Each structure stands twice: as structure tokens, then as C-alpha cells.
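**Q** Same order as they appear, the protein sequences are chains B and S. Here the first sequence stands for residues 0 to 187, numbered as in numbering that gives the first Met the number 0. Here the second sequence stands for residues 0 to 52, numbered as in numbering that gives the first Met the number 0.
Worth double-checking, as some hints may not be accurate.
To give an idea of the interface, some chain B residues facing chain S are shown, with a C-beta separation under 10 angstroms as derived from the structure [what the hints assert, rightly or not]: (1) Pro11; (2) Ser14; (3) Ile19; (4) Leu31; (5) Ala48; (6) Ala138.
The hints are simulated quantities; they were obtained by calculation from the structure and are not laboratory data. Here the structure is a predicted model, which means the values were calculated and not measured. Built from N, CA and C at the ideal position, the CB exists for glycine as well.
Read off the chains here:
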Amino acid sequence: MGQALFLGLLIPALSSIIPIRAALSKSLNESLNTQRSRTTGVIVNILDASEQNIVPYILFGTLSVTFGISIYILLPLAMLSENYSLILQIFFLILMGMILGLTLLALNLQGLIEWLLTWSMLFWETPSMLRMLSKNLTAHKERNKLTAIIYSLTLGCIIFLVVASDLQIEEINILSDVANADLIIGNT
Amino acid sequence: MSEKGYVATILIQAVMFVIPSIICSFLCMFPAFYMLYKFAFTTDMGFEPSYWP
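In isolation and in its complexed conformation, chain S is listed as follows (with noise of 0.2 angstroms):
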């Protein structure tokens, strides 16, 4: 193995790391949103916010 490959190892390592809180927390952002938007906004505003960021 060289230092490159070596270095690779480790930036793949730390990204590995956060693939999954990072799906995770994508997954998590829609039932959340609307959620918060259920109880922060009211039909008589007029307005239909957008669950998608």
C-alpha cells in the first residue's frame, strides 16, 4: 500500500462514517417538516408550504 492509498483509506473512512446519519437524517427531514409545518402554519394563511427544501 503507498501513502496515497493510505490517505484514501482514511478521507473514505471518515465519509463512511457519516453516509449513514447523513441518509438518515434526509429520511428523517420529511416526516419532520411536516410536522413543524402542521403546527406552525394554518390554512387561513393563504399559503401551502413546500415539504421539499
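In isolation and in its complexed conformation, chain B is listed as follows (with noise of 0.2 angstroms):
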């Protein structure tokens, strides 16, 4: 219960960092400041190569390859000494990382979404009206892609419990099926 308390007050702790950072990286009259829409149409990107800050990249790269060199060691190890619980908690791991590559394929489709249900939803409007929204929904496209990352995480993560329980009460139910029977006979 304690533990459930805790997370449940430490998980808006740390989404909380990112809004703090945005509003402390503007002045305090800027943040504060509702009367003016923060939402940009163009967003100018000046990069310059000898400033550009690379530890998110080494940060990934080297998270990628720890999680890589684990499974190719752990994996043959944990099979070899029968160690089933290691087994299983690497492929849910596998899964896991499953789940977040697919979120981040499926982003790709989110200008195709906007796009299609613009254009499906609203099919009665004018085409000018339709132009505005379409660029209405790019100007908010940065917005829309965290909500996006939200959504399909969340979707993903129920549709994955929603099948592990399946097969759990699968697996349960021929196993009662296995105990109460004197013979059996199955189709493989």
C-alpha cells in the first residue's frame, strides 16, 4: 500500500520535469504569461556542428547495446542452467522493448492519421476549411505526437495484458481440464 502511494505521487513527480524545464528555460513574465498562444506554426532549427550535444545519442546507443549484449549472454545462460524465471523475465523484457519500437513505428503514421480522418470526418466542409485544419493540426503537431506516444504506449500495454491474462486462463483451465481427466486426448 505504501509502495502504491508512493509511486502513484512519484510518477507526476518526474512527468512534472519536463513542463518545469520548459518554463524555466523562458523568463518568469513569459511563463506566466496566458493572454498569448504558445503555439508556433514555424519552428526555426539552427544547428551548429560543433556545438551539438550527442550524450542523448551515446545515452540510447549504449542502453541499446547493454540491453542487447544482455539478452545474447543471459539468454543462452539462463536456458543452459534451466533458470525458467530468467527465461521468462528476458522475453517479457524482449516484449517490453517490442511495444516501445512499434510506438515509435507507429508514429510515423501520425500525419497519415491526422490526414485521412480530416478529410473522412469532416468530408461536408469546404476544401478551405479543411486546408485550415490540416495546418492547424501541423501547428500543434509537436503537441499532438507527445499525446500520440501516450496513447498508443497505453494501448499497447492494455492489449498485451489483455492477452498474457488470456493465456493465463487458458493455460489454467487445461491444466484443470488435465487434473480432472482420466484420459486424454489432444490434436497437435
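Using the hints, put the two standalone chains together into the complex.
**A** See the structure below:
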């Protein structure tokens, strides 16, 4: 119960780091100003090769390499030592990685889905209105991207949990059938 | 308002968003456990599960 309360309070505290950083990057007066819209239609990035921040790339690369090496070493080790708990943990990690990877892949469809929804759900609108709406969606693209990540990750986790619980229920049913049966004829 | 106060406002706002759901989940926990244990355990198993986590 204490752990649940701690996690319930820790997660919103951690998720407010990015808004705090965004708020502190501007002056206090500008951050508190609710009159002006913060949505910018055009973003200009000036890149300087000498001042490029490569830490995120190195961090992600190191994490990925560690993940890959640990699977290549731990999976055969767990199979040889018949450590089923470790095998299942590795499979769970691979599945989590697949959910994350597929979520990132699904993000590429965001623009296409926005376009499809605009033109199919509001087909009676005039072309000028549809163009304005699609431009509006383009202006909010960065914010919508975060929502899309949260939505697809949640959906992925829910589908994963439903499939896992279905498998468990099926397994329990088979086991209870096996326990009660005198003779079992299986179709494999 | 100082910068520290502004950061505290954001943190309090983030926590206040989740407090209703935390209270609701703790309240729903007991009937949920009752229903789950009712289906999962029977009296002939020889023990009485506790609803307190």
C-alpha cells in the first residue's frame, strides 16, 4: 500500500520535470503570460556541428548495446542452467522493447492518420476549411506527438495485458481439465 | 512570484491531478479484492485470505 502511494506520487512528480524545464527556460513573466498563444506554426532550428549535444545519442546507444549484449549472454545462460524465471524475464523485456519499438514506428503514421481523419470525418466542409484544419493540426504537431506516444503506449500495454491474461486463463483451464481427466486425447 | 514558487506550483498541480484517482483506487481496492478472492479461493482450500494488502 505504501509502495502504491509512493509510485502514485512519484510518477506525476517525475512527469512534471519537462514542464518545469520548459517553464524555466523562459523568463518568469513570459511563462506566466496566458494571454499569448504558445503554439508556434514555424520552428526554426539553427544547428551548429561544433555545439551539437551528442549525450542523448550516446546514452541511447549504450542502453541499446547493453540490452542486446545482456540478451545474447543471459538467454543462452538461462537456457543452459534451466533458469525458467530468467528466461521469462528476458522474454518479458523483449516484449516490452517490441511495444516501445512499434510505438515509435506507429508515430510515423501520425500525419497520415490526421489527414485521413480530417478528410473523412469532415467531408462536408469546404476545401478551404479543411486546409485550415490541416494547417492547424500541423501547428500542434509537436504537442499531438506526445499525446500520440502516451495513447499508443497505453493501448499497447492494455493489449499486452489482455493477451497475457487470456493465455493464463487458457492455461489454467487446460491444467484443470488435465487434473480431472482419466484419459486425454489432444489434437496437436 | 519567485521561480521556486512557480516550480512548486507546477509540482502541486501535478500531484493534485492524481490525488482523486489515488483515493478512488484505494477505495475500490477492497470490493475488487473481495470479488477476486471470492472467485479465486474457496473455503476448502484451508485458509482465509486477507483483504488488507
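**Q** If you test the structure against every hint from before, which numbers come out violated?
**A** 5 and 6
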